[in-house]
Amino acid sequence: MKKISLKNITKQYDTNQEKILENFNLDIYDKEFIVLVGPSGCGKSTTLRMIAGLESITSGELSINEQVMNDVPSKDRGIAMVFQNYALFPHLTVFDNIAFGLKIRKEDKKVIKERVEETAAKLGLTNYLKRKPKDLSGGQRQRVALGRAIVRNTNIFLMDEPLSNLDAKLRIQMREEIIQLHNQLGTTTVYVTHDQTEAMTMASRIVVLKDGAIQQVGTPHEVYMHPANMFVASFIGSPTINFLTVKVTSHALKIDEQKIVEMPLDNSTPNEIIIGVRPEDIELVSEPDAIKLTIHRVEMMGADKYVYGEIMGQKLTVRVHNELDIQSKQHLHIKLNPRKVHLFEKETGKAIETFVKDTVVV
Amino acid sequence: MQQTFNRSKSVFRYAFLIVFSLMMVFPLIWMILSSLKTTEEIFAVPITLFPETLQWGNFSGALEMAPFWLYMFNSAFTSICIVILQVVLSSMIAYALTQLKFKGKSLLFNSILITYMLPAAATYVPSYILLSKMGLLDSLTGIVVSNVASVFTIFLLRQAFMQVPKEMIEAARSEGANDFAVLTKVMIPMCKSTIFIAGLIGFVSMYNNYLWPSLIVKSEDKYLITVGLNRFFTNVGSFADTWPFIMAANVLTVVPLLLLFVLLNKWFIKGISDSGLKG
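Protein sequences appear in the order of chains B and D. Here the UniProt record's numbering is used: the first residue of the first sequence is 1, the next is one more, and so on. Here the UniProt record's numbering is used: the first residue of the second sequence is 1, the next is one more, and so on.
The set of hints was computed from the structure by calculation and includes no laboratory data. Among the hints, a few may not be true.
Computed far set for chain B versus chain D, every beta-carbon distance over 12 Å [what the hints assert, rightly or not]: (1) L54; (2) Q84; (3) N322.
What the simulated footprint calls covered on chain D by chain B, stretch by stretch (three residues with Cβ under 8 Å from a Cβ of chain B suffice, anywhere in the stretch; the number is not a length) [to be verified]: (4) 165-171; (5) 174-180; (6) 183-195.
Please read these numbers as outputs of a predicted model, since none were measured by experiment. Beta carbons: idealized from backbone N, C-alpha and C, even for Gly.
Kindly generate the complete structure, drawing on both the sequences and the hints.
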């Protein structure tokens, strides 16, 4: 069932100004965990705020539960929102913060008490109900904000970078808790983040945005394995994918006459294309005639080492196992696996789809 | 070298502050001391600072000569009413000015500010005519009604409301709050220190208000303390022998404000430094 549907949504603050969002189309289904991800200013928060009713829609149609919601005030949209800086009311206790929405709706006092206590128990906040937000840690505050969303039993959660104010460790823990809550409550969640790791780990579907336009919609697996363009390829995955400009010949891709990877391509392929290779997809080999990588810098990451270097004047990052001793070396020999190479048009940055499929055969 | 320079600089600074503080506070001290002196002591040459015996009788004497308790009650009562109405009305206007979108909003705000620039005396004649048409001359209601709008309070609350993070209001809205709920459940509680300060400053300025009330109130039982004090001063004449009583009456008038300040001086200072304005 379609839960939220955005049809040709456009957002423009001023008629003379640039459009923040243009012809945005997205259908969100029941119980999905949709993550809108993109760099700052890409329109992801604006989209969320339009769904929430905190931002007006310039043109297009927004429906929630198959009902057009363009002009319905926020309070009547049946959504609950969680904000980046928690937006807890500093003058209210944890109990009153969670109960805020219920009190506004004039629910029965007994019911409020029951529901708040039940929610607090779910989030491990039972012992903190009498405290004020200022006496809580960041993680606890975020839980209160979640509690305020959960307590009303709405089935759409909108979350605007809810974890970005937390430290790294807590972020991973809260990530887990949010996913659990999502599964437990069976809500539809729209989650905004600029962090691709959050997107990859939490989403059932990822929507990658740039400059107010959707770049790709797909499962984490899809956007990682088959990025629709160079932007998606570079945005998803860490460390960032390598791009190499290569010449196309009948059987192989070359840089300066040196063969980079064997790949039979048909004649319609442009002469020069860009290939994307993920640092984790590069093999180290010992054959001396393989591609020579000049090492500039090595970063120890724990389980892995990132090797930053260049091949024939083009930068390349390789992820290797941490036990490999490369500190003393100046060169490495590498090999690219044709099945793991992504091809992009040089002018548009679009993925060259047909060849991605063809190369799988090789 | 640098240190001695800094030190002499701070010595100079403190000396300067002490001298000027004394100059500011001296009239008050002189008034309090004089209220406990005899006439001879007040006019003694050379000046004596402390009375030989404390003349507490001056206070009862003053209270016998005019109903100062009534005047003080009138003042306190109208001031409290005015402050409550000012805060209620101003917070509503400040909410509209900060949260609502409507045509002519900045025009409205600017015209409110412009009235602040007008000398108060310029509005006396039209206000007087309005009050008389409403039949509110010579009444406490008239004093209250003519003072309920305060540009200062509106401005102060607008500044405070602008400080409330946008997310708080958005959170409240998505939780189901309408404008009234946002104002009463979020804005006002979050700005209560500013509102308190606005009320305090409003109370003090209303309690001290003299000229306008003196124009509209004629009957003695409706005198405010400021008006009453002045009439007392002019009625008994500034003859030497009434000076201790005048001083005692003044002290009585000032005591509530001093008490207020002693109890709440933290808030007064916060109010002045927060708003960047002098009250």
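With 12 Å as the threshold, tell me whether Q84/B passes as away from chain D on beta-carbon distances.
Not fine: 8 Å to the nearest Cβ puts Q84/B too close to chain D.
At least three residues with a C-beta closer than 8 Å to a C-beta of chain B: is that true for the segment 165-171 of chain D?
holds (count 5)
Against chain B, does the segment 183-195 of chain D show at least 3 residues with beta-carbon separation below 8 Å?
Result for this restraint: holds, n = 5.
Minimum Cβ distance from N322/B to chain D greater than 12 Å, as the annotation requires:
Per Cβ check, N322/B is outside 12 Å of chain D; nearest 42 Å; holds.
L54/B clear of chain D by more than 12 Å, beta carbon to beta carbon?
5 Å, violated
Within the assertion that chain B covers the segment 174-180 of chain D, do at least three residues meet a Cβ-to-Cβ distance smaller than 8 Å?
holds (count 5)
Comparing the model with each numbered hint stated earlier shows that hints 1 and 2 do not hold.
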